[in-house]
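Q: Top to bottom, those sequences are chains A and B.
In terms of the numbering used here, the first sequence has 229 at position 229, counting the first letter as 1, and numbering is strictly consecutive.
Position in the second sequence (first residue = 1) + 316 = the numbering used here.
Simulated from the structure, these hints should not be mistaken for laboratory data.
Any given hint could turn out to be false.
[To be verified] Derived CB-CB ranges, DEER-like: (1) B:Gln416 <-> A:Pro112: 21 to 27 Å; (2) A:Val116 <-> B:Gly438: 35 to 41 Å; (3) A:Val94 <-> B:Gly361: 47 to 53 Å; (4) B:Gly346 <-> A:Ala169: 51 to 57 Å; (5) B:Val456 <-> A:Ser80: 43 to 49 Å; (6) A:Gly136 <-> B:Asp441: 57 to 63 Å; (7) A:Gly209 <-> B:Asp441: 40 to 46 Å; (8) A:Val173 <-> B:Gln508: 49 to 55 Å; (9) B:Gly438 <-> A:Val176: 37 to 43 Å.
A quick note: this is a predicted structure, and the numbers were derived from the prediction, not measured.
Note that beta-carbon positions come from the ideal geometry of N, C-alpha and C, so glycine has one too.
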Amino acid sequence: MDLFIQRLFDGLFNGAIYASLALALVTIYRSTGLLNFAQAELATFSAYVGLVLAGGSMGASFGGLAGTGLLDGLPGYPFSVPVAVLLATIFGMVAGALLEVVIFRGLERGSPLALVNVTIGLLIVLSGLTTQFWGGAARIFPQLFPADFDDFVWIGGARLRYTTIGSWATLLVVLVVITLLMNRTKAGLAFRAITSNRESARLMGIPVGRTLMLGWAVAGGLGALAACLTASVVSFSPFTMLGALIYALAAATLGGLDSPKGAIVGGIIVAQAQTMIPGYLGLPTELAVVAAVIVLVVVLLFKPSGLFGTVRVERV
Amino acid sequence: MTIAETETAGATSSSPEIMLSVNGIEASYGAVQVLRDLSLEVPKGEVVVVLGANGAGKTTTLRAICNMVTCSGSVTLEGHEIGKSNTADIVNRGVAHVPQGRGTFPELSVKDNLYVGAYTRGDKDGVEDDIDRWFTKYPVLGERKDQTAGSLSGGEQQMLAVSRALMSRPKVLLLDEPSLGLAPIIIEDLFQTFKSINEEEGTTMLVVEQNANLALDIANKGYVLEAGEIVLEGNAKDLQNDPAVQEAYLGG
Ligand SMILES: Nc1ncnc2c1ncn2[C@@H]1O[C@H](COP(=O)(O)OP(=O)(O)OP(=O)(O)O)[C@@H](O)[C@H]1O
Ligand SMILES: [Mg+2]
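Just chain B, with the same shape it has in the complex (with noise of 0.2 Å):
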């Protein structure tokens, strides 16, 4: 029975569709509930966008799904259960996560950012040629590569995130709002990478953001968050075309 019970859980927990699955958290700061039976599914290899206001709870939700907050419910990494693993293990499970304001190490320099992004890899050589890529996709990031982070500007910063990030290969993304603060032509820039590095990499993203039209523009499918809780969810020419989300979230 016990056998049996654990095959089929294995064999629907592992089905190969669904990366990251959040079932039903609910986030409190002291009395303040923020998120609300959230639950949302990041099928892999797909690009996933939640929009919402300031203060909807975008940020708590990417949190938790690190543990870096306090929450109830479940998260599934490929089937597995990470809701209680501590942050460490997830990250060696293969979550990467650019936090909102980019993160960096403001005192490290470029390439030691990027070093602290392969914290979890083993294989040295990997990690040079990794780092080796990023800087022929960003030539500004080579050639800084021993000035502080904290001398960047903020698109370059915005970059060295996302290197950084990228550098532990893992299997999903969270971006957290990687267009705030920066110049249109840079973001258009940055959605262009994130696509291509789907694409041709195949890493699963979950994006948070505001600015609605390029994130519905490479991504697949998503979610509206209000107050804490998702309110509408589509795939996303659906929701470009939605009415309600036009208002809200493409300007009219």
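So that you can see chain A by itself, here it is in the shape it has in the complex (with noise of 0.2 Å):
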């Protein structure tokens, strides 16, 4: 029972961080159709941004940044990690509202396929700079939460590491957040009538292109917040959150692609899978990433929008 609850708890962490990821995928699928493989490459960036800001060691070309003393007028650099995640979240979101504008809205006609190979374009582009400015290694990012070994509570005979808590807190504060920005505001509002009906959004006077961005710019801080509470976390090198997208992906399909809270669920569901399954089969945590696939193809089989997906209700 003991050993039930600690390997509940040691995929708490990662549950946050593909229920981030996959709701940050799941909200830009709704309003557009578009899966944006781009989504974690985008985050790991943002990440770096907020280790520049939080005055963290530097790779090769942002070293000689650093050097020109640059960064040194910005007043108060280097911010404390809250601050600099805080930061990187903003950097995400602005990143996520200028791929709308400056990519995506040009292409609003293009096939949904062609769409998607743009954003693996992206993922390779962003991915490039990456490891351009700060290297391919990887590197111990500053702690936001206390990650040391013994920074944890005992609950139930089991450790819950305070990193686990701190996520999940922030994460809900967010989600509070975005759910209040979604159903209260007239900005909010608007997005949930285009990812309802695009056409019908149009002729009431919306203006779609600028009020996407709005999605984007969601999905980008939702992504780039993700990546920090990982890399403050594990050590974090330009690849990382490629590997969470995997699972996180899984957790979005899971949930039905274009539920909100199926994505959670999803991400919470994938994250369990992925400790569980491989520690009571026994299998080496290589092959964990099959345990999410044999939930994912187990749970279509049987409902094939997913967990949550829309059966659309509409009569004629």
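Make one complex out of these two single chains by using the hints.
A: Following this line, the structure appears as structure tokens:
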């Protein structure tokens, strides 16, 4: 039993990360029909920006930038870790919104498959930029929540780490903010209208491109936050989030692709499968991704549109 | 010279009678031309109906007015060219559209559908008053204000679509086959609503219909559209008595 609770706790942290990334994917998918494969790379880039702002150790070219004293002019630099994470999240939001304006708005009439290829191209470009600026090696980021060996509480004979508690607390606050944004503001209403019926939304006078930016910003911010949380717990390389993206895609699909609630629940389930199944079956951790795939296949077998995916109720 | 010219242009174009004017528009989907040199005029405060069979180009005409399809030619609203404006601007200038098949937001609540209709408005209190007004007019919408629009019946959705369009307080209301898929008794009621809105609020209307009789009953003027061209126009009474129209659209 203790072991079960311990595995449950172990999966919770990854659950928060997958849930955030899956929610980012779903936010864009349900409003534009596009799966943004570059989500993880954008998040990674944002996390490195956060690292720079926190005055963390620099790679080759940003070391040079820091040496020029360019950043020293910033008031408050180097920032405390929470502030740096907040700024990285804002950077992710702005970058996400820019992607919509600069790249995807002009491609609105493109076929979905062509657009997916564009996101894969973006993935490669962003990944290249990150490695170019900061090198490909894994590095230790500053801790956002206490993450040392003994930073945990005992619950039910198992260890619940502070980082897990902190990450979920952060995610829950962010979810509340997003919910308020979507349900209590005019821009949120417009975004939901576009998601529901884009043609009609346009006929009601909603500026579609400008409103979609909101979704891209939310997704960019969520991804950046997920990457910062990850980076402050594990040693982080430009490729860490790409692994998380695989699980997040599974999580989003499991939840039904167009359901925010599904993304969260999917993230939790996939992360639990990742720790539970290899744990109980004695599989090597390298095969953990197999567990996620098994759960995905089994669920889709019985619920083809995912756990919470819409089967549209629309009468003629 | 320029001043004089501008003044004359202003004088003719701001002629008080014409609310919406479509001048020689042409539209195609790919290589297929759907509208040919189509012109029509909707006088201020009147109801104008466009009759036409399936595929005649009625929907395309309304979409062209809102710049939802690419077309050439000119469209003016109260004398101002809107042909090149984007859809959001056109709605802002006072054109509301009830699309074919109603186009409600199925996942949004009835009330939120109405709020979206008021997107272009800035007066919060006025919006709340208007919502109350529609809930009084259509109590069934009020009873279901928190239900999703997708759960409404076809007739209720049409009421919602019309209320939603009027939430923007438009100068012109474009209605695309409002009778489609509704029981005759509901259609009659709906057209009475259009008539009373037109009379009470002075809202100008351009209605596209296949249900010619009811539409002509409330209309001042009508056009007949065939294969993308206007083949007949006249005042509503004359069209109702026209043998060709009777045969094609009034069941003999
Ligand atoms: N998106 C589109 N792509 C290609 N062709 C189209 C498209 N929309 C309409 N058409 C064609 O344009 C012509 C006119 O269509 P439109 O929808 O305007 O007709 P309509 O008069 O509204 O017909 P209905 O009464 O059936 O609604 C039809 O031949 C139709 O097949
Ligand atoms: Mg039509």
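Q: In ascending order, which of the hints set out earlier in this document are inconsistent with the structure?
A: Numbers 5, 7, 9, in rising order.
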